[in-house]
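There are 2 protein chains.
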Amino acid sequence: MRAVVLHAPGDVRVENVEMPEIVEPSDAVIRVTATCVCGSDLWPYRGAEEVNGPTRMGHEYVGVVEQVGQDVRTVRVGDLVVGSFVASDNACEICRAGYQSRCVHQVMMGAIGTQAEYARIPLADGTLVRVPGEPTPEQIRGLLAASDVLGTGWFAAVAAQAGPGKTVAVVGDGAVGLLGVLAARRLGAERVVAMSRHADRQALAKRFGATDIVTERGDAGVARIRELTDGHGAHSTIEAVGTQESMLQAIRATRPGGHVGYVGVAHGVELDGLELFFATVNLLGGPAPVRRLLPELIDLIMTHQIDPGLVFDLTLPLDRAAEGYRAMDERRATKVLLTL
Amino acid sequence: MRAVVLHAPGDVRVENVEMPEIVEPSDAVIRVTATCVCGSDLWPYRGAEEVNGPTRMGHEYVGVVEQVGQDVRTVRVGDLVVGSFVASDNACEICRAGYQSRCVHQVMMGAIGTQAEYARIPLADGTLVRVPGEPTPEQIRGLLAASDVLGTGWFAAVAAQAGPGKTVAVVGDGAVGLLGVLAARRLGAERVVAMSRHADRQALAKRFGATDIVTERGDAGVARIRELTDGHGAHSTIEAVGTQESMLQAIRATRPGGHVGYVGVAHGVELDGLELFFATVNLLGGPAPVRRLLPELIDLIMTHQIDPGLVFDLTLPLDRAAEGYRAMDERRATKVLLTL
Numbered sequence: 001m002r003a004v005v006l007h008a009p010g011d012v013r014v015e016n017v018e019m020p021e022i023v024e025p026s027d028a029v030i031r032v033t034a035t036c037v038c039g040s041d042l043w044p045y046r047g048a049e050e051v052n053g054p055t056r057m058g059h060e061y062v063g064v065v066e067q068v069g070q071d072v073r074t075v076r077v078g079d080l081v082v083g084s085f086v087a088s089d090n091a092c093e094i095c096r097a098g099y100q101s102r103c104v105h106q107v108m109m110g111a112i113g114t115q116a117e118y119a120r121i122p123l124a125d126g127t128l129v130r131v132p133g134e135p136t137p138e139q140i141r142g143l144l145a146a147s148d149v150l151g152t153g154w155f156a157a158v159a160a161q162a163g164p165g166k167t168v169a170v171v172g173d174g175a176v177g178l179l180g181v182l183a184a185r186r187l188g189a190e191r192v193v194a195m196s197r198h199a200d201r202q203a204l205a206k207r208f209g210a211t212d213i214v215t216e217r218g219d220a221g222v223a224r225i226r227e228l229t230d231g232h233g234a235h236s237t238i239e240a241v242g243t244q245e246s247m248l249q250a251i252r253a254t255r256p257g258g259h260v261g262y263v264g265v266a267h268g269v270e271l272d273g274l275e276l277f278f279a280t281v282n283l284l285g286g287p288a289p290v291r292r293l294l295p296e297l298i299d300l301i302m303t304h305q306i307d308p309g310l311v312f313d314l315t316l317p318l319d320r321a322a323e324g325y326r327a328m329d330e331r332r333a334t335k336v337l338l339t340l
Numbered sequence: 001m002r003a004v005v006l007h008a009p010g011d012v013r014v015e016n017v018e019m020p021e022i023v024e025p026s027d028a029v030i031r032v033t034a035t036c037v038c039g040s041d042l043w044p045y046r047g048a049e050e051v052n053g054p055t056r057m058g059h060e061y062v063g064v065v066e067q068v069g070q071d072v073r074t075v076r077v078g079d080l081v082v083g084s085f086v087a088s089d090n091a092c093e094i095c096r097a098g099y100q101s102r103c104v105h106q107v108m109m110g111a112i113g114t115q116a117e118y119a120r121i122p123l124a125d126g127t128l129v130r131v132p133g134e135p136t137p138e139q140i141r142g143l144l145a146a147s148d149v150l151g152t153g154w155f156a157a158v159a160a161q162a163g164p165g166k167t168v169a170v171v172g173d174g175a176v177g178l179l180g181v182l183a184a185r186r187l188g189a190e191r192v193v194a195m196s197r198h199a200d201r202q203a204l205a206k207r208f209g210a211t212d213i214v215t216e217r218g219d220a221g222v223a224r225i226r227e228l229t230d231g232h233g234a235h236s237t238i239e240a241v242g243t244q245e246s247m248l249q250a251i252r253a254t255r256p257g258g259h260v261g262y263v264g265v266a267h268g269v270e271l272d273g274l275e276l277f278f279a280t281v282n283l284l285g286g287p288a289p290v291r292r293l294l295p296e297l298i299d300l301i302m303t304h305q306i307d308p309g310l311v312f313d314l315t316l317p318l319d320r321a322a323e324g325y326r327a328m329d330e331r332r333a334t335k336v337l338l339t340l
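Protein sequences appear in the order of chains A and B.
Going by UniProt numbering, the first residue of the first sequence is number 1, and it counts up by one from there.
Going by UniProt numbering, the first residue of the second sequence is number 1, and it counts up by one from there.
Bear in mind the hints are in silico, worked out from the structure with no lab data behind them.
A few of these clues could be false.
[To be verified] Covered stretches of chain B, as calculated for chain A (at least 3 residues, CB under 8 angstroms):
{"no.": "1", "segment": "224-235"}
{"no.": "2", "segment": "249-259"}
{"no.": "3", "segment": "279-287"}
Glycine is no exception: its CB is placed at the ideal position from the N, C-alpha and C atoms.
Whole structure, please, built from the sequences with the hints as guidance.
Written out as structure tokens, the structure reads:
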């Protein structure tokens, strides 16, 4: 089968690899019907994470179940399914508390690689969720977004306690930040401030429900958020970048007692304990427990209440994955969908 | 009047200073009836914080109202009162959200100095709480603890979401940590693990409701907490020290999705963003909003439901404050009460 393989920074190829097989009785194998390129795939692509020899890529997926191991009970051959970017048993104490992305048996799907025609899904019962009905092409794109980028933006909004009466600031206008805007608004936030200086992303943020746009960054961005909130800062801030500047911007834009939900994979971030102490904000972040959110997100998509698939602004066949990586790296595309 | 003045690291003197007066119409002046030495007073005493010339000390107090400004409505001359170590208007948006320690008009009482015969209390209506009835000497000690050390331990337990069914780990066996044990137990925690290697503090932790004692620190301490919790880590962890080691110990001892309440004033602490990201724990800390908690704490003390004054293990007259600082610095005393 065909699969995306990263050979070195900047060197993405689509190659023939072995077909995946059932290894554990709790596995399923799916035929991938849509996959995509994640902002986090750019870290190794840019050499910011080490690449040790040829590496399979991708952790987002919608697909059809091809094969199931003998212990699999909740999905059947032929089912259309979505799953999280972290496979989980959805049964351990950590999963039951809603943190499936830190399941005691977790398997990072990125280590398997879903930018491929087929993929083995470990812990299929705890990972995959069946999609009811017959999704339209728009809905397929939305379901694919749910696999990571929507689930991640949603978790950030929940972690930031976005809700009625709240002003939510969103740091980062990539796909996760934009879907954080959508999530914050769906969760009832009164005011959602998107921090973006790109006209196309501002437009999408507004379509997703942003009430205000702030183009300033860093200290100037923080000052603008304070101006908009009687000097107090936002009640809730979503951090969706993962740099030192974005993390400090998020913390400093939040009022005492407010909440920061951070989902940008922090690279080179160091937080000063004393600054954090006097900020007196609630911090919650990490890999999003997408599995917790999937049933609700699938329902919202399948009932046409949200259209998160709008974040995909470039669609290419799997064989042209290298072009997709290049477009995202050069910020010509927000999020690239790969068709099969 | 007599007051404690720090002249240089290690050089505490009790001197004659000017009587405080009403400055703002919202001020009160109290006659201090009990005050004490805080762990945080040791930072400048040890030279870990700069001392710029003679500095008044102390921010904890129980007292009797002597004088009130013309705008003061909720306390009257002759009232026995307790207040927080941060004066607050208890009316601004931040106060109303329960974060009075970050009031937009906050005044740190340490900048005024309550280790003295009298003290000016800014924003008296928002800061002071009247004590009903006639407290016993034990209750006076408890009320004094409520002014900071009990309120701080209690806030840490609330921030760590200690409650029924939870296992709470407490890092730090100073007065705040010990009262964090008491708070966690009162809030309904099933299991409270005090991390201490001192027999006298272990005994007090048990008296306050600790169910387990762990003597190991650092990685070994984390490993013990994991052993006690099926490998998952504590649901809730109270950090009551403020060093790099204690902060990492607290974060690493907590399960994904768990909560860390940190109230040790962080000195030289740097948190790595990527470690924090993959820890996936809720973090909340800072100067405790004692004013939020005071009515409940006063009630618990005055109805003999808690006896937090037990943390005071050395009582000296104000004039012998220097001995008290020395005893705490040398860890011969956990918490020193100064009588007037």
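- Message: Is the listed coverage of the segment 279-287 of chain B by chain A valid when you require three or more residues with a beta carbon under 8 angstroms from a beta carbon of that chain?
- Response: Since three or more residues must qualify, the claim that chain A covers the segment 279-287 of chain B holds, with 9 doing so at under 8 angstroms.
- Query: Are there three or more residues in the segment 249-259 of chain B whose C-beta lies within less than 8 angstroms of some C-beta in chain A?
  - Reply: Contact hint for the segment 249-259 of chain B vs chain A: holds, 3 residues under 8 angstroms.
- Query: If you look at each residue in the segment 224-235 of chain B, do at least three have a Cβ nearer than 8 angstroms to any Cβ of chain A?
  - Reply: It holds: at least three residues are needed, and the segment 224-235 of chain B offers 3 whose Cβ sits within less than 8 angstroms of chain A.
In this structure, every one of the numbered hints holds.
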